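Sequence order for the protein chains is A, B, C and D. Note that the working numbering has the first sequence beginning at 362, numbered continuously upward. Note that the working numbering has the second sequence beginning at 362, numbered continuously upward. Note that the working numbering has the third sequence beginning at 311, numbered continuously upward. Note that the working numbering has the fourth sequence beginning at 311, numbered continuously upward.
FYI, nobody ran anything at the bench for these hints, they're computed from the structure. These figures come from a predicted structure and were not determined experimentally. Treat the hints with care, as some may be off.
[Stated by the list, open to error] Straight-line alpha carbon distances no greater than 30 angstroms define the calculated DSBU-like cross-link-like pairs of lysine-lysine that follow:
hint : chain 1 : residue 1 : chain 2 : residue 2
1    : B       : Lys453    : B       : Lys401
2    : C       : Lys391    : B       : Lys416
3    : C       : Lys544    : B       : Lys446
4    : D       : Lys546    : A       : Lys476
5    : D       : Lys546    : C       : Lys351
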Amino acid sequence: MNDIDLSVSIGPIKLRNPILLASGTVGYGNEMSEHIDLNKIGGIVTKSLSLKPRKGNPPQRIVETPAGMLNAIGLANVGVEVFLKEKIPFLKQFDVPLICNIAASSVDEYVECTKILTQEDFISAFEINVSCPNVKDGGLQFGNDISSVGKITAKVKAVTKKPVIIKLSPNVSYISEFAKVVKEEGGDAVSAINTLVGTSFNIITRRPKIYNVTGGLSGPAIKPVALAKVLEIKQKVEIPIIGIGGISNWQDVVEFMIAGSSAIQLGTINFVNPTAAIQIIDGLEQYCLHYGLKNISQLTGSYILK
Amino acid sequence: MNDIDLSVSIGPIKLRNPILLASGTVGYGNEMSEHIDLNKIGGIVTKSLSLKPRKGNPPQRIVETPAGMLNAIGLANVGVEVFLKEKIPFLKQFDVPLICNIAASSVDEYVECTKILTQEDFISAFEINVSCPNVKDGGLQFGNDISSVGKITAKVKAVTKKPVIIKLSPNVSYISEFAKVVKEEGGDAVSAINTLVGTSFNIITRRPKIYNVTGGLSGPAIKPVALAKVLEIKQKVEIPIIGIGGISNWQDVVEFMIAGSSAIQLGTINFVNPTAAIQIIDGLEQYCLHYGLKNISQLTGSYILK
Amino acid sequence: MVTAKSFVEEIIKIENNIHLLKIYSPKIASEITPGQFLNIKVSDNFFPLLRRPFSICDVDEKFIYIMFNILGDGTKILARKRTGEELDILGPLGHGFKTEGNFDTAIIVAGGLGAAPFPLFTKQMSSLGKNIYSFIGGKSESDIITYGMNNTFISTDDGSFGFKGTVIELLNRNIKILQENKIKIFSCGPTPMLRALKEFCVKNNFDCEVSTESAMACGFGICQGCPIESESKKDKYLLVCKDGPVFNIKDVLI
Amino acid sequence: MVTAKSFVEEIIKIENNIHLLKIYSPKIASEITPGQFLNIKVSDNFFPLLRRPFSICDVDEKFIYIMFNILGDGTKILARKRTGEELDILGPLGHGFKTEGNFDTAIIVAGGLGAAPFPLFTKQMSSLGKNIYSFIGGKSESDIITYGMNNTFISTDDGSFGFKGTVIELLNRNIKILQENKIKIFSCGPTPMLRALKEFCVKNNFDCEVSTESAMACGFGICQGCPIESESKKDKYLLVCKDGPVFNIKDVLI
Ligand SMILES: Cc1cc2nc3c(=O)[nH]c(=O)nc-3n(C[C@H](O)[C@H](O)[C@H](O)COP(=O)(O)OP(=O)(O)OC[C@H]3O[C@@H](n4cnc5c(N)ncnc54)[C@H](O)[C@@H]3O)c2cc1C
Ligand SMILES: Cc1cc2nc3c(=O)[nH]c(=O)nc-3n(C[C@H](O)[C@H](O)[C@H](O)COP(=O)(O)OP(=O)(O)OC[C@H]3O[C@@H](n4cnc5c(N)ncnc54)[C@H](O)[C@@H]3O)c2cc1C
Ligand SMILES: Cc1cc2nc3c(=O)[nH]c(=O)nc-3n(C[C@H](O)[C@H](O)[C@H](O)COP(=O)(O)O)c2cc1C
Ligand SMILES: Cc1cc2nc3c(=O)[nH]c(=O)nc-3n(C[C@H](O)[C@H](O)[C@H](O)COP(=O)(O)O)c2cc1C
Ligand code: FES
Ligand code: FES
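Please work from the sequences and hints to get the whole structure.
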């Protein structure tokens, strides 16, 4: 099996395999390291970090839905300082690419966070979350506005030499228009997709089940939507894509790569099956072997339409 | 149980109960009449009708997804003439409100269809489908463009005295902006939502499973998204809403009404459980009885936020 | 057609790990034509969401049988069913084989699990006093299902059982016998086989009915999910679930 | 914590239609503190998608027990499990009760299914030689679970069994006995009960640990889905799954 090459590139970012763990579903890595060998996965994307610590939304933050879940965590995080001081040292034990996800409520805050974090050599790249549906300030205000996304991309790129990935909102008419502006402003890649806006009510109290009223829908339920967004970007814009949304097994990964993803991220499935990443990497190796694929990267965008 | 009033109004449209069968999931009523007593339901929305018959897309048209399905039927329908001649006579046996859904590839075609159909007294209202994701001409070209939606609303209203409902696309950033223009142009109500754009690939052939490449996602998977769209419209625009998306039991109906729906439509569930409508109507009656609701219409928009 | 609460009686394993599900369903059992199908909700939840279509394999008083192989989630769940469990079935659906008519010999052509509708068909043909020859093909021995069929002629692509070649080649080799009788062909199997069969029937002017397949959502004509191209009407599709699944081979484009 | 393939041994029904699920799980059984919980994948598919958290009710050599009532889809599926079926369990998770410490008498306060963690707790207390009094409350007799507990004092809101009133009122009535011993209170139950208990403990300066609940996605600290407000640190939440589910009642806002 050793001649199967699972390595992929996302623009300038090289990974040993295409399996990243998605922001908000892996914490800062320590809990997951009890379940899987972090040295084996493609990389980790941190929980969204903001300049100052954020407490996040009051409970209830989570509700299950058919083949999915809604969350409105509200970007609870330790903030960049504590992250650098207390969380990164643990991760440095591992040989695992670290992508720092950044969330902010102003363009300046994105820039500030990046400036601070870019000094840390262990960080491989940034993923800029312009698409969190669960906070009042920032979030979709940016993610659904093309000129904001362009501005954030340009300003963040200006303060770091590390690759910059923009994580796009699926809650828009044409996601490819956002990918296009990211490319134009020098962004290195896009992640697609963040969660879909959804809600749920308690039929006895008539209150939303989630304190924040709406939450973000994730999990297998959204897989077909995520795939269509990846395909749309692939067909319209030449920019590396990280596919995200409902991936739960290696077959799903192959599907996302065929549709145009250079790499993928596992989200909700980590909660259900914390060892999914490793099982998926094994499955991908078997698939390549079985179908005589020397490099898994050949899959990217290999769809045949008609 | 006789003092429970399940009747609702959607603007000028009066229904004996809020349960409509959604366009494309009830054909023209004849097959469903073998399963349920059509005299008991709130109403039927026809398969989208176009001026001329449409053959629809080649197979494969359908694929199952987690808690949902993708379809790309491509608006296969008999056309307005055949509908009037061959399909309506059957429906006239029943005391069931009939809403004609119209799809078209130009503004003129919408107008033409409406002009022809409006002469038929048995038709209670029109539902204008500006949001079919599965045809190349028309469909989302209109549904994702606010000015087109406004224009279609105004022009259709101009040629009929019957109520006009516009069926909105969820594949947009802010659905309430579309509802707003519908209201401004004189539309009587909106239906929300049509299907979400999705896709799926065969990982061996690398071809899309659906001939049309993308399809529309429906079923329980999309329920949280549909609910959030209904809530968004309810909070921003004063217009009656028909809630649609993943409804499969009476609890879901209550949830959609709390979120702002005056009535609802059952779609995919009809395929799985053709008697769902009747079971749901029974369930709603029990619910009203149990919680002392005299009129089910009191539920509409009765949410309590915070 | 009815939606009938039915109950699992037992699961029987036959050749090659094929499952027969015996179902207590007196209402449905009383009104079946061979070639019709059932649409079964295999779980009482959203996994899987849609019903699964299965040919009616056999009927025995108040019991009906379906034949299947474990393929995906739906059949996996079916195979785990236990005696007494309730099953939500829609059926019988569609149009079956026309068993009456101007022929004295019925020729069955079945590929793999295409064998499913023929046990009941065979019973009915026998009771109508017709001769039956059953041509059964598969890739290799492990695909051959002969359950409930008589006078079997077997072919495998790899020659591991019976004639080495396709079932249509085998049919062609026996064309003399066929031409000596007033025959009608009845077939079910994978598309490439049906395609070859069509060519064969057109060439030899044989009357032939085929049972077709399609992805389906409803199974009774309301979703338009199961189109099949008609030979005569080019402006609209036929529906496998409602106009079929059995068609005269001349009427559909395969 | 481990993810361990475990096997259903049997389902036992106790008082009031409560289910005990006995699970063969030697690896998990060897490392449990009372009050910890398991996160169980009740199906091998997406229905339901998320794991379900259950307190560890008891341990018996290589077996662990959970106690539940059929509430929704997850517990319905659990209740249908049969001997020998595999079960995918994550656990033991979280922090349990501190069973050691400067007290000679453990006071259990359990509301409804809040009884779940106390059979194992009772065993351990007994083996440590501590006295135990178990105050058990419910709306009415059908909510009372006494399984695996000793020296029970029972209250029901409707008076259908035991003292008529809340379990905290019953506790208050027996405050003399409590004050005669070096006690520590251990509790699990619905939020209104815990809230009243907190007031009672603060007033009387009793040491008390409570097992809390929350909606959960992961159960081991990666989703941030299960916040509970801390009494001391107002700038961040504690996590029920990782910092709890057992907290000192003084440390959390209930
Ligand atoms: C009218 C009709 C009659 C049928 N009769 C029988 C029968 O008697 N016995 C039987 O075993 N099957 C029969 N089938 C096919 C049967 O419906 C499928 O095998 C079944 O849906 C598989 O369900 P699943 O959930 O196990 O697999 P899924 O998870 O749905 O699919 C597993 C794999 O099988 C493929 N697949 C699914 N459906 C089909 C299909 N129709 N043809 C080929 N590949 C498919 C899928 O693409 C997927 O790769 C019939 C189908 C139709 C339309
Ligand atoms: C740390 C912890 C320990 C637990 N220990 C036990 C235990 O030992 N025994 C036991 O029976 N249950 C226990 N629970 C609760 C248990 O997790 C839920 O009862 C279970 O998830 C219900 O699953 P379901 O699929 O059957 O119901 P669902 O379909 O998930 O829910 C059905 C209904 O119950 C409500 N519900 C769901 N979860 C809870 C909850 N946590 N509290 C109150 N209402 C809820 C839902 O809102 C819904 O109305 C524990 C929960 C936690 C967090
Ligand atoms: C509980 C939870 C928390 C999340 N937090 C973040 C976050 O902080 N930043 C971010 O960019 N995405 C966040 N996401 C989105 C995921 O990274 C991912 O884009 C989304 O869940 C879709 O993938 P999935 O379907 O595989 O979960 C979160 C998702 C979940 C479920
Ligand atoms: C097979 C299929 C065909 C459909 N055809 C139409 C159509 O012709 N016109 C239309 O307006 N909506 C059509 N729809 C959309 C439904 O009316 C409904 O908006 C959607 O399916 C969401 O509801 P559901 O989740 O309950 O199915 C179709 C949906 C399905 C599944
Ligand atoms: S399967 Fe629905 S129309 Fe045939
Ligand atoms: S349940 Fe995920 S952090 Fe607690």
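(request) Could you grab the alpha-carbon distance between B/Lys453 and B/Lys401 and see if it respects the 30 angstroms cut-off? (result) Measuring from Cα to Cα gives roughly 14 angstroms; hence the hint holds.
(request) Quickly compare the C-alpha distance for C/Lys391 and B/Lys416 to 30 angstroms and report which way the hint goes. (result) Not OK: C/Lys391 and B/Lys416 at ~40 angstroms, beyond 30 angstroms, violated.
(request) Below or equal to 30 angstroms on CA atoms is what counts here, so check C/Lys544 against B/Lys446. (result) holds, 21 angstroms
(request) Take the C-alpha atoms of D/Lys546 and C/Lys351, compute the straight-line distance between them, and say whether it is at most 30 angstroms. (result) violated, 47 angstroms
(message) Need the status of pair D/Lys546, A/Lys476: alpha-carbon distance at most 30 angstroms?
(response) holds, 25 angstroms
The structure is inconsistent with the numbered hints 2, 5, although it conforms to all the rest.
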